[in-house]
Amino acid sequence: MTEPTTQAGTPAPRRKDERPGGGNLNRLGDRKKARLEELARASSGKGGVSLFRDALRRLRRNPAAIVGATIIGLFVLVAIFAPLIAPHDPVQRFDELTSKLAADNIPGPTDGFPLGSDELGRDLLSRLIYGSRQTLFVGVLATLIGLAIGVLFGAIAGAFGGWVDNILMRVTDVMLALPALLLAITLVALASRSSQWTVIMAVAIVNVPIFARLLRGSMLAQRESDHVLAARALGVKQRSIVLRHMLPNAMTAVIVQATLTLSVAIIEAASLSFLGLGDPDRDRAEWGAMLGDAGVRYFEVRPELAYYPALAIIVVALGFTLLGEAMREAIDPKNRR
Amino acid sequence: MSLLDVRDLSVVFQRRGEQPFTAVDKVSFTVEPGQTVGLVGESGCGKSVTSLAIMGLLPKRGNKVDGEVLFDGTDLLKLRRDDMRDRRGRDIGMIFQDPLSSLNPVIPIGVQVAEVLERHQGRDRKQALREARELLDAVGIPDPDRRLKEYPHQISGGMRQRALIAIALACKPRLLIADEPTTALDVTIQAQILTLLKQLVDDTGTALIMITHDLGVVAGLCDTVNVLYGGKVVERARRHELFAQPRHPYTHGLLNSVPRLDSIRGERLHAIRGSVADNIPWGEGCAFAPRCDNVVDACLEGPPPLEPTATGGDLRCNNPVSEEVAVP
Chain A
1 MTEPTTQAGT
11 PAPRRKDERP
21 GGGNLNRLGD
31 RKKARLEELA
41 RASSGKGGVS
51 LFRDALRRLR
61 RNPAAIVGAT
71 IIGLFVLVAI
81 FAPLIAPHDP
91 VQRFDELTSK
101 LAADNIPGPT
111 DGFPLGSDEL
121 GRDLLSRLIY
131 GSRQTLFVGV
141 LATLIGLAIG
151 VLFGAIAGAF
161 GGWVDNILMR
171 VTDVMLALPA
181 LLLAITLVAL
191 ASRSSQWTVI
201 MAVAIVNVPI
211 FARLLRGSML
221 AQRESDHVLA
231 ARALGVKQRS
241 IVLRHMLPNA
251 MTAVIVQATL
261 TLSVAIIEAA
271 SLSFLGLGDP
281 DRDRAEWGAM
291 LGDAGVRYFE
301 VRPELAYYPA
311 LAIIVVALGF
321 TLLGEAMREA
331 IDPKNRR
Chain B
1 MSLLDVRDLS
11 VVFQRRGEQP
21 FTAVDKVSFT
31 VEPGQTVGLV
41 GESGCGKSVT
51 SLAIMGLLPK
61 RGNKVDGEVL
71 FDGTDLLKLR
81 RDDMRDRRGR
91 DIGMIFQDPL
101 SSLNPVIPIG
111 VQVAEVLERH
121 QGRDRKQALR
131 EARELLDAVG
141 IPDPDRRLKE
151 YPHQISGGMR
161 QRALIAIALA
171 CKPRLLIADE
181 PTTALDVTIQ
191 AQILTLLKQL
201 VDDTGTALIM
211 ITHDLGVVAG
221 LCDTVNVLYG
231 GKVVERARRH
241 ELFAQPRHPY
251 THGLLNSVPR
261 LDSIRGERLH
271 AIRGSVADNI
281 PWGEGCAFAP
291 RCDNVVDACL
301 EGPPPLEPTA
311 TGGDLRCNNP
321 VSEEVAVP
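These protein sequence lines are chains A and B, in that order.
Going by UniProt numbering, the first residue of the first sequence is number 1, and it counts up by one from there.
Going by UniProt numbering, the first residue of the second sequence is number 1, and it counts up by one from there.
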């Protein structure tokens, strides 16, 4: 009951109704109560909070994750609904644009063409929008194929150990010794006919050793773990020990790496196209190719031809990197409270 | 016939470029059906290695296992790998020290219990989960329906150990090996878990090998006790004889070092001098000699033999603690 004395000067009614200090305390108390109720609700739910949901909850509190997820969400939506969003057909050459084309002039924004024309009189905005499809397709597929092969190699090496492990790891050593892009260029050059599939496979193969290494390491750690020993003490078969007890516990690091690899794959695929090693089909809109063909050649005439695709590549790659880093933090058990 | 007859079991660690190390040195003991046998000793005396050798869980590389482990007459050490795998979990169950790390973190408890039933009893998932529910109930886990779906990190340490016991006993094995099952738990929970183990073992007639360094556990649970030192059995006795009249200076020292409620306030705890590392190889004498108060010349001349005592136990000592000086 110290309040009446400290607030001696204030009028009586106010003291009675508001009681500033007490009000604050009450608000804090309310917040605490709400939090407790939330916790109680969470724990009384059916089953438990799975590891996945636990990680998701932590992701939602991370601003970087939200920014990354928003970028990726928009990117994926644009890619899926490209035909609805794009104002024009990306392949069509428009007379009103081609008529103005000259060696020293590429038309900028005009009515109906918000970003203007590309070097062949096609709508730049539509090509950018359609380019997202190509980027998504190549990036995701290259990562998934690389992940699948890498997981297979890593799991075999980690599960069997011994000479199998030795051979597989020496192979990955060789692959890791070469710079990624150089290796990808070599692989594309080896293919007799280049298409978007050569790009996908090259980028996938470049990423295989990274996944294999990562998984192999955590598989080896799992092999020594107590719960694997306990499973063996129960007579669980080797196959289920590897597939049910070791692999799922070893996969977290690989899944996070896959998100980070998506951004690398997008950049690598774009680099290959930029260097002219991508899909030879010039009609297909692809950011790397747009940057390489027109961007470089007409940079003095209209630098926007280079800016827009470059910006698109950077933003999307940044989105995947942000989300990947945030996921690593969220899944890492060391950050668990 | 004994349920388990371990004869001259030896385990030698042979790592490349290192001196071979004998972790378990011709250990022999038997377990009768329904009996509880204790393996007692300090860290590093070979308790856990003995249990892993019995289960055939020591890595082939770098370890040499000799001797015989007769389970119901068949030598487990000579079994083919697949046959031994079929027996693990079905005939012999095992409980480990750390309940959190012994459970798979990404699989719900229920599925982990069900997995053993599916593996050894050929149940389908639905039937196995129903039985898993009953098992969790039987080991005293409240609200088993909910726990079935929970992950190991969501339940308490005591409950985890209960879940591990449920898994180990799921197939009603005839022998259960418990490797320090209470070390990672609170004292209050320890008592609960021990009571539970005792009750389950009594109810099902499962024989139990209790590996521990805690003499309190031994006092409450074991029928006979094997005291190990430096990989050898140094004393074997029935529980009552061991506590009433420890003969080996090591056993005597262990019992003396237990804090007592009725000791004089301010009195220092007794400790055995030195550590397990201060031993001499058994080949040259008694490994305990450097730490022993009763050491005589004969102790440094050669390993003392394991000889039967008048009370029906066995003792490996040249100069045992006389009966009058037994623990007060």
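Possibly wrong hints are sitting among the right ones.
[Claimed, not checked] Taking lysine to aspartate or glutamate and the EDC-like style, the derived pairs with C-alpha atoms no more than 20 angstroms apart in a straight line are:
#  : chain 1 : residue 1 : chain 2 : residue 2
1  : B       : K60       : A       : D54
2  : B       : K149      : B       : E118
3  : A       : K237      : B       : D82
4  : A       : K237      : B       : D124
5  : B       : K60       : A       : D165
6  : B       : K60       : B       : D72
7  : B       : K149      : B       : E134
8  : B       : K198      : B       : E180
9  : A       : K237      : B       : D86
10 : B       : K198      : B       : D124
11 : B       : K60       : B       : D75
12 : B       : K126      : B       : D143
13 : B       : K172      : B       : E131
14 : B       : K149      : A       : D54
15 : B       : K172      : B       : D86
16 : B       : K198      : B       : D91
17 : B       : K64       : B       : D8
18 : A       : K100      : A       : E224
19 : A       : K237      : A       : E224
20 : B       : K149      : B       : E180
21 : A       : K237      : B       : D91
22 : A       : K237      : B       : D83
23 : B       : K60       : A       : D226
24 : A       : K237      : B       : E118
25 : B       : K172      : B       : D203
26 : B       : K26       : B       : D203
27 : B       : K78       : B       : D91
28 : A       : K237      : A       : D226
29 : B       : K172      : B       : E68
30 : B       : K60       : B       : D83
If you're looking for bench data, these hints aren't it; they were derived computationally from the structure.
Going through the hints against the structure:
1. This hinted pair does not check out: B:K60 and A:D54 have alpha carbons roughly 39 angstroms apart, beyond 20 angstroms.
2. Of the pairs offered as hints, the one joining B:K149 and B:E118 holds, with about 17 angstroms between alpha carbons and a cut-off of 20 angstroms not exceeded.
3. Straight-line distance between C-alpha atoms of A:K237 and B:D82 comes to about 9 angstroms, which keeps the hinted pair within the 20 angstroms bound.
4. About 16 angstroms separates the Cα atoms of A:K237 and B:D124, which keeps this hinted pair within 20 angstroms; it holds.
5. Annotation: proposed proximity of B:K60 to A:D165 holds, straight-line Cα distance about 18 angstroms (limit 20 angstroms).
6. Proposed proximity of B:K60 and B:D72 is contradicted: the alpha carbons are some 24 angstroms apart, above 20 angstroms.
7. In summary, the hint linking B:K149 to B:E134 is supported, as the alpha carbons are separated by about 14 angstroms, within the 20 angstroms threshold.
8. The straight-line distance between the Cα atoms of B:K198 and B:E180 is roughly 14 angstroms, inside the 20 angstroms bound, and the hint therefore holds.
9. Restraint check for A:K237 and B:D86: the C-alpha separation of about 9 angstroms stays at or below 20 angstroms, so the hint holds.
10. Between the alpha carbons of B:K198 and B:D124 the distance comes to roughly 30 angstroms, so the proposed pair goes past 20 angstroms and is violated.
11. Restraint check for B:K60 and B:D75: the C-alpha separation of about 17 angstroms stays at or below 20 angstroms, so the hint holds.
12. Restraint check for B:K126 and B:D143: satisfied, since their Cα atoms lie roughly 19 angstroms apart, inside the 20 angstroms limit.
13. The hinted pair formed by B:K172 and B:E131 meets the criterion: a straight-line CA distance of about 12 angstroms does not exceed 20 angstroms.
14. Straight-line distance between C-alpha atoms of B:K149 and A:D54 comes to about 15 angstroms, which keeps the hinted pair within the 20 angstroms bound.
15. About 14 angstroms separates the Cα atoms of B:K172 and B:D86, which keeps this hinted pair within 20 angstroms; it holds.
16. Distance hint between B:K198 and B:D91 is fulfilled; the C-alpha atoms sit about 19 angstroms from each other, no more than 20 angstroms.
17. With a C-alpha separation of about 13 angstroms, the suggested pair B:K64 and B:D8 falls inside the 20 angstroms cut-off, and the hint holds.
18. For the suggested pair A:K100 and A:E224, the alpha carbons sit about 70 angstroms apart, so the restraint of at most 20 angstroms is broken.
19. A threshold of 20 angstroms between alpha carbons decides the hint, and for A:K237 with A:E224 the separation of about 16 angstroms falls inside it, so the pair holds.
20. The straight-line distance between the Cα atoms of B:K149 and B:E180 is roughly 27 angstroms, outside the 20 angstroms bound, and the hint therefore fails.
21. Among the hinted pairs, A:K237 with B:D91 is consistent with the structure: their alpha-carbon atoms are about 16 angstroms apart, no more than 20 angstroms.
22. Annotation: proposed proximity of A:K237 to B:D83 holds, straight-line Cα distance about 11 angstroms (limit 20 angstroms).
23. For the given pair, B:K60 sits about 18 angstroms from A:D226 by alpha-carbon distance, which is consistent with the 20 angstroms threshold.
24. A distance of roughly 11 angstroms separates the Cα atoms of A:K237 and B:E118; the hinted pair therefore holds under the 20 angstroms criterion.
25. As the CA atoms of B:K172 and B:D203 are separated by approximately 11 angstroms, the hinted pair is consistent with the 20 angstroms bound.
26. Note on B:K26 and B:D203: the hinted pairing is violated, with a Cα-Cα distance of about 33 angstroms set against a maximum of 20 angstroms.
27. Annotation: proposed proximity of B:K78 to B:D91 holds, straight-line Cα distance about 16 angstroms (limit 20 angstroms).
28. Straight-line distance between C-alpha atoms of A:K237 and A:D226 comes to about 16 angstroms, which keeps the hinted pair within the 20 angstroms bound.
29. Taking the CA atoms of B:K172 and B:E68, the gap is near 24 angstroms; set against the 20 angstroms cutoff, the hint is violated.
30. Taken as a hint, the B:K60 and B:D83 pair is honoured in the structure, with Cα atoms around 16 angstroms apart against an allowance of 20 angstroms.
The structure does not agree with the numbered hints 1, 6, 10, 18, 20, 26, 29 stated previously, though it agrees with the rest.
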